[in-house]
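**Q** Same order as they appear, the protein sequences are chains P and H.
For the first sequence, position 40 (counting from the first letter as 1) is numbered 40 according to our numbering, and the numbering increases by one without interruption.
For the second sequence, position 433 (counting from the first letter as 1) is numbered 1433 according to our numbering, and the numbering increases by one without interruption.
Read the hints as simulated data drawn from the structure, not as lab findings.
Quick reminder that beta carbons are idealized off the backbone N, C-alpha and C, glycines included.
Heads up, a few of these hints could be off.
Here are the in silico distance ranges between beta carbons for each label pair [as the list claims (entries may be wrong)]: (1) ASN82(P) with THR1294(H): 24 to 32 Å; (2) ASP1386(H) with GLY81(P): 18 to 26 Å; (3) ASP1336(H) with ASP201(P): 50 to 58 Å; (4) ARG34(P) with THR1294(H): 52 to 60 Å; (5) ALA59(P) with ASN1385(H): 22 to 30 Å; (6) PRO135(P) with ASP1529(H): 35 to 43 Å; (7) GLY281(P) with ASP1408(H): 19 to 27 Å; (8) ASP201(P) with PRO1342(H): 50 to 58 Å; (9) LEU63(P) with ALA1144(H): 41 to 49 Å; (10) ASP1386(H) with ALA59(P): 23 to 31 Å.
One side of the interface only, derived from the structure: several residues of chain P facing chain H at Cβ under 8 Å [to be verified]: (11) LEU159; (12) THR162; (13) ALA164; (14) ARG168; (15) LEU179; (16) SER291.
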Amino acid sequence: MARASPLLLYVLTRAFLAIPMLVILLTAVFVILRLIPGDPIQALFGGRGNPAVVAAARAQLGLDRPLIVQYFEYLGRVFTGNFGQSLTLYPGQPVMHWILLVFPATLELALYSMIVAAVVGVLTGVVAGRYRGTPIDVALRMYGIVIWVIPIFWLALMLQLTFAIGLRWLPPNGRLSPLVPMPTRVTGLYTVDSLLMGRIDIFIDAVRHLILPSLTLGLVLSGFFTRIVRVNMMQTLQSDFVEAARARGIQERSVIYRHAFKNALIPVVTVIGLQFAALLGGAILTETTFSLNGVGSLLVRAIIAGDYTMVQGVIVFYAILVIGVSLAVDIANAFIDPRIKY
Amino acid sequence: MEPKPVERAPTNRKLLYAVVAVIVVVVLISSVAVVILTARPAPAPPVKPLAIELWYIDDGHYGDTEPTVAVLVKAQLEKSGLFQVTLKHSATKTYFGQVSNNALPLFLLGWFPDFADPDNYVTPFMRTGFQSLGTNYSNPTMDALIDNETSSTTGRDTTFSQIQDLTAHDVPTLPLWMTSAVAVKEPAVSGVVLDPYLFRYYFIGKNNVATSALTMSTTDKLTSLDPAVEYDLFSGTVVGNIFDTLYTTTPTNGSEIPQTIPLLAAGPPVNPVGSDPKVWEVTLKPGLKFSDGTTNITARDVQFSFQRMAKINNPESAVFYLTGLMDGNALANTPDTVISMPDGPTGLRVQFHLNKTYSIFPNLLTFSTTSILNHNIYPVGTAVNDPTTLPGGGVGGGSGPYIVQSTDLATSIVFTANPYYNFKTFWEQYQSKGAPAIPVPVSNTFSISIKAAAPALRQDVQAHVVNLGYRSFNPPDVSALQQDSTLKVDVGNSPQIRYLVFNSGKAPFNKIQVRQAIAYSVNRQEIVDIVFGALAQPLWSMIPPGWYGHKDVFKDVYGSTPDAAKAKALLQQAGFLSFIAPPVLAVSEARRPGD
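Okay, chain P solo, but in the shape it has when bound (with noise of 0.2 Å):
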């Protein structure tokens, strides 16, 4: 209880600090979108329309405006949650509502993924580290290479050619079967909203459906924490806290369970935060791939489609969403890592 002022003011400096950040963001946002060329009103009309429709349609979208007016004009409006009005995809209709009706599929998949890279991962990396040097060290690093610079695309094919089509045990791609009803929506997460319906075969659907993309975007994950746990055990096993245990006569496999493994596993914790960034990347592709109506797919969409806001709006919910990651994993540190001073 003594800690706990002083990581009450680290939890609330580390939320005022995301402030600059996400305004440091925002604005490379909205700077690098006017600097690109044509702007999205010439995406609207394909650069052809008539000169006064253009004007009208500038004009109510205020890119008629001053560029600082537009700035904080952006800057309430995304503060507000409102990130505008879909150009051509879903035209006139809100950018945050199309991004929060399909966001629970990309979180369904990041979610699944990380466990699936976190199991593998840890497992893995644990293994060659405690067996450093052995022949299992060294497939396990080549595994970590190996898996990390697959492409996923790739891999996501690969999988469904042999579990999908060769075998037919899953589905090769949306995330439900045609005939099963989608949940009836709370959390949009199929595998959560199935189980508070109690319908489990929803569910079991659900999972099957999922199986394969998380295993494609988890397992290229997982390489990276490999390597990360694999350098953590070896180190943790060589520090004194260990060596002490092995003199108090305490038993190797308690001494690496117990002790180190515990101690390897902080790092994880930060690397995971990180590694959330990289992972909402991966879903772009997995879900492409996977025929999965996410965030991603949506902002392929509208790339394709020129919807500028549409596209603006994803980004800066991305942002959003990392920075939220990254300070909840400062403050999980703070209070798992007994080295962080605050």
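Since the structure of chain P is already known, use the hints to place chain H on it.
**A** Chain H only, in chain P's frame:
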């Protein structure tokens, strides 16, 4: 004393120099002569190719093959050095907006006929005023020919022949190829009729018996479920399965031209009414009900459905059909003057007052856009855009065989049988044409999964996730799926035509010679061979083979292979292909005319 030697050396040396000089001169002259005599004629100075833009849809609306087709057409046009083509592309929604705004100069488009008459391959592209399809073409002679064929029921073959001749001369559009319809299904799936006008989900089941559920995947994109808004094949098909029209067409797999038959109407339309050939009277069958099972379909619903379309007046919809035949403003605001109800709103008779004689009007009444809506539940002036809040308690509220169980437009739509469907046994009389011998809809539930691209469609049928896959497989995938013994591939004739559209209102395509030069430059057979294989055939007229009046008019006029010389002559005649001047050492400050 020795004699002094004779001094002959200078003389000999001079002689030697003279001989050498003569030899050198002779060699030089001979060399120059050889060069001159053996030289080939000087090449013609290079010409400056005509720079044009070619647009195409990039999001799979016409399948994954569209970018390949665009690249191939570009290569064909540039092969002769006469054109310099810049490829441009946009997504479907933007593209059709650009087409409606007459923004695109040259672009690829496809056409499924909206109703079963060869006129539907002509009027939308060539009649002055039908500019929504981007041609901007206007020719009084063509207008007169079109008016002739749409106002009479005899001698239309001859008129269509003349229309095609004029089309080949004016080239407002350039027909390129027509594709086959492909459905891949499990062997037990029955009732798949590759009908060019309406793919009837309600015929489809398993083993020709009542089926609890059937699943299908497609790459088509659903844009709207509102008949006043939708104007694409898939959305029109979905609308056609949940709403009824006054008339419909007999089922066909494309091997024969379907007949127009009454659906909501009690019989053939009456025309002329009195002595006025511009008035058509339609009488509804008595006792018809919408999917709520209680609301009768009346004359007011018919009037309302047409009025609503005119009132919403969506430029990307098929409203131009109505405004081309009726006074759009009057239809929107004083509908009684355009569609009258002789027996009142609750009666069964309606009279359409057209602004011209139009012999094929009943065909227009088969089109999904003219679906009849319940006037009690649809808003008159606003489109229904949110698929999750469809009228009729979320089911659509039509009178068609299906009601909508759920949809998000983007990934799936699920139908269930309309328990009050009025024509459950109506279709049995058309068994010989593919309709099932049992009451429809055959499947109580019909689910359609919407896929982002063709690979996912192939995966779904290969993994037997769905019973049926329809539109649009990649051509190589079709070949692979034909080898799969667990699947059956149906390949049928399709009336879909693919063509280039020239915007005659924009330079350089406002010059007929440019359009003709491009007609001389494309190689249809090469497009078919490289991109589609056996799943397409070259198209030599906007009216495809099988329709009355068809003739291979572009083949007759322009030949079956490119002719660069004729294309070049036409472009020069049009004032293009100026010679590129050789480089000069000194450049004047004054710029040359034409730079």
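**Q** A separate judgement is required for each hint: does it hold in the structure or not?
**A** A quick look at each hint next to the structure:
no. : hint                                  : verdict
1   : ASN82(P) with THR1294(H): 24 to 32 Å  : violated, 43 Å
2   : ASP1386(H) with GLY81(P): 18 to 26 Å  : holds, 20 Å
3   : ASP1336(H) with ASP201(P): 50 to 58 Å : holds, 55 Å
4   : ARG34(P) with THR1294(H): 52 to 60 Å  : holds, 57 Å
5   : ALA59(P) with ASN1385(H): 22 to 30 Å  : holds, 24 Å
6   : PRO135(P) with ASP1529(H): 35 to 43 Å : violated, 55 Å
7   : GLY281(P) with ASP1408(H): 19 to 27 Å : holds, 25 Å
8   : ASP201(P) with PRO1342(H): 50 to 58 Å : holds, 56 Å
9   : LEU63(P) with ALA1144(H): 41 to 49 Å  : holds, 47 Å
10  : ASP1386(H) with ALA59(P): 23 to 31 Å  : holds, 27 Å
11  : LEU159                                : violated, 11 Å
12  : THR162                                : violated, 11 Å
13  : ALA164                                : holds, 5 Å
14  : ARG168                                : holds, 6 Å
15  : LEU179                                : holds, 5 Å
16  : SER291                                : holds, 5 Å
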